[in-house]
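Student: Make a model of the complete structure from these sequences and hints.
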Amino acid sequence: MTFIHSSAQISTKAQIGEASEIGPFSIIHGNVIIGKNVKIGAFCELGIANLQGPRSPLVIGDNSLIRSHSTFYESSSFESELITGHYVTVRENSHCGKGFQIGTQSEIQGDCKIGNYVKFQSNVFVGKKTIIGNFVRISPYVTLTNDPTPPSNTLLGCIIGDYAVISAASVILPGVKVGSHSLVAAKACVLKDVPKETVVGGVPAKVLGKTTDIKLRDGSNRPAYPWNKHFTRNYPKEILKEWSDTKSKEGL
Amino acid sequence: MTFIHSSAQISTKAQIGEASEIGPFSIIHGNVIIGKNVKIGAFCELGIANLQGPRSPLVIGDNSLIRSHSTFYESSSFESELITGHYVTVRENSHCGKGFQIGTQSEIQGDCKIGNYVKFQSNVFVGKKTIIGNFVRISPYVTLTNDPTPPSNTLLGCIIGDYAVISAASVILPGVKVGSHSLVAAKACVLKDVPKETVVGGVPAKVLGKTTDIKLRDGSNRPAYPWNKHFTRNYPKEILKEWSDTKSKEGL
Amino acid sequence: MTFIHSSAQISTKAQIGEASEIGPFSIIHGNVIIGKNVKIGAFCELGIANLQGPRSPLVIGDNSLIRSHSTFYESSSFESELITGHYVTVRENSHCGKGFQIGTQSEIQGDCKIGNYVKFQSNVFVGKKTIIGNFVRISPYVTLTNDPTPPSNTLLGCIIGDYAVISAASVILPGVKVGSHSLVAAKACVLKDVPKETVVGGVPAKVLGKTTDIKLRDGSNRPAYPWNKHFTRNYPKEILKEWSDTKSKEGL
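Protein chains in written order, with numbering that gives the first Met the number 0: chain A, 0 to 251; chain B, 0 to 251; chain C, 0 to 251.
Honestly, the hints are just simulated from the structure, not real lab data. Among the hints, a few may not be true.
Computed footprint of chain A on chain C; a stretch qualifies when at least three of its residues, placed anywhere within it, have a C-beta under 8 Å from a C-beta of chain A [as the list claims (entries may be wrong)]:
hint	region
1	139-145
2	151-163
What follows is a set of in silico ranges between Cβ atoms, one per label pair, in the way DEER data are often shown [said to hold, decoys possible]:
hint	chain 1	residue 1	chain 2	residue 2	range
3	C	Asp212	A	Lys205	29 to 35 Å
4	A	Glu241	B	Ala48	37 to 43 Å
5	B	Ala48	C	Ser55	34 to 40 Å
A virtual CB, placed ideally from N, CA and C, is assigned to each residue, including glycine.
Tutor: The following block contains the structure:
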């Protein structure tokens with residue numbers, strides 16, 4: 000059974016899975032497939048048409064939560080366990096893995112490919128053609144750009160490697176590759192590719208060292224990176240088991 | 000004939016032109032004049048009163064598109080072909096030319112003057128008293144400030160020249176003039192006036208060279224600036240003809 | 000008498016004070032106490048449940064104004080005269096003094112403590128556990144961070160002293176203390192504590208001088224700081240009297 004608020008506007012063509020809820024004043028257009036146990040907050044609009052490209056449905060996987068005032072276009076897809084903040088915008092043709100978390104006021108401009116268990120905090124801006132790996136974490140007010148000589152027709156999306164962390168208010172310039180397990184410091188402007196497990200910072204960003212030299216600030220003197228050796232909040236059990244098995248193998 | 004969604008709240012004093020549409024749950028106050036063939040998305044509020052100043056109508060020109068969740072105060076005006084993203088805020092007493100494009104989550108704080116065919120991407124913040132010329136392009140997360148000694152009553156708006164390009168996440172300090180056809184690099188903090196056709200970058204921004212020395216990144220080795228010699232997307236035919244005629248005269 | 004728009008959705012458990020107004024399409028949940036003479040704009044949602052922590056009501060003090068499209072969770076409180084812009088988000092367990100002004104698109108992430116007569120312009124991001132004193136002023140696009148080694152469980156909120164001013168597009172790093180009456184210049188990245196009455200700027204921020212050496216840009220040659228000796232707009236009479244009495248005592 001689905002719970003649709005009486006004030007919501009739902010197209011008869013929309014597919015809405017079992018045990019899902021649509022909040023007050025939300026609008027679901029026809030070209031939308033919503034999975035099971037999905038909760039959509041108030042004042043959302045899902046499935047806005049993009050008449051300029053090839054059209055496919057907006058697909059929201061099972062067990063997702065889309066918070067209020069969010070806007071999704073058709074032709075993008077999300078595997079299960081999507082969680083968004085408020086006022087999120089997602090344009091067309093972006094394909095995103097499991098457990099994606101999109102912070103309040105973040106925007107994904109379309110034509111992006113995003114892996115599993117990626118987490119954005121608030122106000123993350125993702126330009127067209129960005130490619131993001133698995134387990135990436137992006138802090139507030141980060142901008143991933145794509146046009147090396149604005150305005151032009153040469154869009155070079157950034158490429159962000161697995162487990163990379165991009166700190167608050169940083170900008171990644173068009174086409175830059177951030178290596179896996181790397182850390183971009185706050186307020187950096189990254190012009191060049193970042194090798195894996197490397198810390199960069201500054202405007203323009205320079206290499207500051209190895210991530211593995213950074214200690215936690217909790218008094219424990221333990222290494223802060225790779226972060227998934229100590230930080231597990233909101234990752235599912237099967238992932239924690241995988242991470243734990245890797246640690247065991249490494250004799251940690 | 001106009002198409003007003005049954006859930007929209009429209010003042011009987013509002014003027015709405017032929018073939019215009021008002022989306023679900025949108026609110027149009029009385030002091031609003033909407034032209035012909037204008038489309039207003041869902042969850043918008045247009046014509047909010049500003050009781051502190053002299054009051055005139057909000058005017059939206061013909062053939063405009065205002066996307067969902069946007070907020071416009073009274074006493075501002077837009078010539079034809081305005082296009083906005085979502086969650087746009089425009090305060091009072093700003094007067095804007097033809098073909099203005101305002102990206103998602105951008106905000107215009109009021110008392111601004113903006114020329115023709117100006118294009119903002121997402122999250123552009125325009126402080127009070129800013130003056131922007133024609134054909135200016137502003138990338139995401141740019142902030143145009145106005146108070147040299149915050150807080151004070153001396154608001155010095157930025158002045159941005161024709162065809163200037165301001166790249167992502169830059170800040171222009173109060174009263175700074177950016178010359179025509181100039182380029183502000185990403186993440187710059189611009190403290191001093193920028194001469195025309197000049198590239199500046201860094202914190203604080205320094206002159207990096209002439210725009211005419213920058214090449215396109217498409218393998219063609221053609222110059223990237225003046226950008227209007229190669230980039231024409233979404234400009235109207237009469238403008239393209241004007242640009243083309245100028246090129247012919249210059250023997251290009 | 001209260002004025003509740005017929006399209007608003009109000010829980011019968013919500014408490015709404017005399018002479019208050021709820022705008023079109025707004026939602027007020029049950030765990031909300033709204034004071035007297037409060038005006039809530041359109042498309043707001045107040046009192047969203049946070050099921051993970053201890054729950055208390057959202058309290059909005061008398062004579063407040065919450066502008067359209069704003070989102071407040073339960074368990075936060077605001078003394079009288081709160082004024083917000085549009086699209087504001089406030090999470091749970093933040094406690095804020097009198098006369099708080101929150102600009103458009105600003106976000107307070109929760110577990111914060113904010114003093115009296117604090118004023119944020121647009122797009123101010125306040126991470127969890129931030130502590131802000133009295134009469135603080137924060138310019139657009141400022142980010143107050145909290146995680147020194149993201150991601151971690153060690154959240155170190157920033158601490159901002161009384162009368163401090165943080166200029167546009169600056170970032171304050173986790174746990175940094177900004178002294179009272181200090182000034183952070185535009186686009187700064189503040190890594191270290193800022194002594195009182197000090198100007199800092201740059202990436203990383205360095206000490207640039209004393210605030211008392213900065214002059215107003217209005218031609219008067221008067222000192223710009225302490226700002227409350229010349230700037231009084233929108234502060235209440237009793238505060239202006241207090242400031243004026245201090246000036247008299249100092250023989251100014």
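Student: Each hint: holds or not?
Tutor: Against the structure, the hints:
Judged by the Cβ-Cβ criterion of 8 Å, the region 139-145 of chain C is covered by chain A as claimed, because 3 of its residues qualify and three suffice. Residue count for the region 151-163 of chain C with a Cβ under 8 Å from a Cβ of chain A: 4. That meets the three needed, and the coverage hint holds. A hinted range of 29 to 35 Å for the beta carbons of Asp212 (chain C) and Lys205 (chain A) is consistent with their spacing of about 32 Å. For Glu241 (chain A) paired with Ala48 (chain B), a C-beta distance near 57 Å fails the hint of 37 to 43 Å.
A beta carbon spacing of about 35 Å between Ala48 (chain B) and Ser55 (chain C) agrees with the range 34 to 40 Å that was offered as a hint.
Taken one by one, the earlier hints fail for this structure only at number 4.
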